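Colleague: Take a look at the letters that make up each chain.
2 protein chains.
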Amino acid sequence: MGNFEIVWQDSGCEARRGMLKTAHGYVETPVFCPIGTTGAVKGIAPKQLKETGAVLVLANTYHLMLRPGIETVERLGGLHKFMSWNGPLLTDSGGYQVFSLSSLTRVDDDGVEFTSHVDGAKIYLNAEVAIRMQNRLGSDIIMCFDQCPPFPCDDRRLRQAVDRTVLWAQRAKQAHANPDQLLFGVVQGGIDLALRTRCASELVKLDFDGYAIGGLSVGEGHNNMIKTVSRTAALLPKHKVRYLMGVGTPADIIAAVAAGVDMFDCVLPTRNGRNASAFTENGPLRVRNNANINDPEPIQAACDCYCCKNFSRGTLRHFFNVGEMLGPILVSLHNLRFYQRLMARIRDAIERNEFADWAVEQLKNDY
Amino acid sequence: MGNFEIVWQDSGCEARRGMLKTAHGYVETPVFCPIGTTGAVKGIAPKQLKETGAVLVLANTYHLMLRPGIETVERLGGLHKFMSWNGPLLTDSGGYQVFSLSSLTRVDDDGVEFTSHVDGAKIYLNAEVAIRMQNRLGSDIIMCFDQCPPFPCDDRRLRQAVDRTVLWAQRAKQAHANPDQLLFGVVQGGIDLALRTRCASELVKLDFDGYAIGGLSVGEGHNNMIKTVSRTAALLPKHKVRYLMGVGTPADIIAAVAAGVDMFDCVLPTRNGRNASAFTENGPLRVRNNANINDPEPIQAACDCYCCKNFSRGTLRHFFNVGEMLGPILVSLHNLRFYQRLMARIRDAIERNEFADWAVEQLKNDY
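So the protein lines, in turn, are chains C and V.
Under this note's numbering, the letters of the first sequence match residues 1422 to 1788, in that order.
Under this note's numbering, the letters of the second sequence match residues 1422 to 1788, in that order.
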């Protein structure tokens, strides 16, 4: 056995129930991973996060490099202790920031020079540095440094990004020095299936612990994304875990699970929570709306989260209205729990061997 | 028996252990009451607040009148449900805002017209309105509307404030319409002992459920305050609970307990927490200090709070440095727990009949 076991393969689609083994515990898949950018899921104490059902948490290498610096995290006992999260942790490589902070970067075939968005300091990242930093952080799952091209992107640049991603993956594999950490390769290639195929086949030769599908949810739209995910997932080894990075809405996740994806991360539950937008099966609830002023109902009557068990829409609206921190915190908690419950229902539908039908029903919701 | 029972009277000073009965449960005194201005202790979920050991929470009538409005709180099920706090609640009367927002008020012998600091709306408060609003909020302990003079204050205005406070207390007593709520009178009079004496004796005639000492901690200094508290407490009936409003530092509280005070409220633990200042027995720890960057120790090694059990000074400093909400939240939690532990130690020292000596030892600390 490797680090990933398929517990059940749905017979009606590619969806599968799995179990991923990490140095800090097991992760049931399909799994949703909340984002703790600089060492915290914004406003949420680890104890509260655990109560939402979260098992795996992501932190951003690039942000941690800038502040407080990798050395400080090390001196404070490593990333788990630093964040007070004793369960599985995943770090990204910084590659995504090449894309999201592109005005502050200079890329060549070796790597990327960033200008810190905090103080203008120059920071250099390449395949080896990204691995070394993640080795030092001590996260359980680490990612190869990749180049995420924008959308749309001309053919030459897209090909160049794939070439670099493959080259950097080879170097990352070489550089990786901590056998307790799972190393994942990242498949790039935009929505170009030939490039995705080439990238996937090169990465598979390197035999990573898991495979991520990167470079999506950058403007290509749901249908392009799902088509690309579906074709790319089919190119990856069945018995390795598959991770769709930075995705997404409940509808995105359901469709990607049907295509055989096992792992997801996304800022939506917390970002939307901070912006007073609550996920419900009937579409988003805008907490600030005047309609909620005197509404004694929770966000969702059937929800078992701390927010819904304790606070009315009226109180939540008031908290946002007066700028009380509890507003963003409570709606974030609701949204995080909403996502974890969605994943539990996904796992359940797969185990019942009914995922394809269940997914069709779910996608009728206004997610 | 009334609503307050003295469990133990220290023989070396005026300090006493008591038990206050409210409609939402018992309160062991001396007690410290955190402040949930507009329905929340800033950033702290009620569950977390309970874990700090808090039993009694204060909310501000004036702030709730402005937003969301008393009618909205009623429609959302009353203040307990609104805040999701099923334990004892105390509301102030709005009287303190006559002082703290004095540039926005117009006071006469009947009451006060406020100009809302939010939207400029005119709001009228007098003895009857303040009681009616608190009756509608449904808090367990409500306060008479009083006039808190500034410090220093000329004799004529100080006398006028006492006259009004007495007059308004008589009207409040008449207006109070909910026997489930304890009504406290507020003794004013600055640091003028003759005026304090007159005010206290007039209020005692009205036989309130408890007596507050108001108008202190407004610039008169620790020694003036404690002298005034000590003299005023001696004028109040022994078997009624005594509440020193808006106080204070650990040293203030210890000295006031020695003078026979039973209840305290103050913004210090949360305000200082938000400003990265942590209470310790060795004086304040400034969390932002560079000295903490790589410090793996918690704020206090011996502290049993969630923050100290889980986070290093280094991580806390980082959270403040990157603007992560968890910084203010965690240090607020520590400070709230610090205050509750201080009160538990105070109650313990009284029960051991050693409070006077214990207090002298404690006051050597750099609180």
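Some hints here could point you the wrong way.
The list cannot tell twin chains apart, which means a pair is met if one copy fits it or any two copies do.
Only pairs whose alpha carbons sit at most 25 Å apart, straight line, appear in this in silico DSS-like list of lysine-lysine [stated by the list, open to error]:
| hint | residue 1 | residue 2 |
| --- | --- | --- |
| 1 | K1626 | K1648 |
| 2 | K1594 | K1785 |
| 3 | K1648 | K1468 |
| 4 | K1468 | K1502 |
| 5 | K1502 | K1661 |
| 6 | K1502 | K1730 |
| 7 | K1648 | K1730 |
Source of the hints: derived by calculation from the structure; they are not laboratory data.
It should be emphasised that the depicted structure is a prediction, and the values quoted were computed from it without experimental measurement.
Colleague: Could you run down the list of hints and mark each one as holding or not?
Modeller: Against the structure, the hints:
no., hint, verdict
1, K1626 x K1648, "within (24 Å within a copy, 82 Å between copies)"
2, K1594 x K1785, "neither (42 Å within a copy, 60 Å between copies)"
3, K1648 x K1468, "neither (38 Å within a copy, 45 Å between copies)"
4, K1468 x K1502, "both (14 Å within a copy, 24 Å between copies)"
5, K1502 x K1661, "neither (29 Å within a copy, 49 Å between copies)"
6, K1502 x K1730, "between (31 Å within a copy, 11 Å between copies)"
7, K1648 x K1730, "neither (39 Å within a copy, 47 Å between copies)"
The structure is inconsistent with the numbered hints 2, 3, 5 and 7, although it conforms to all the rest.
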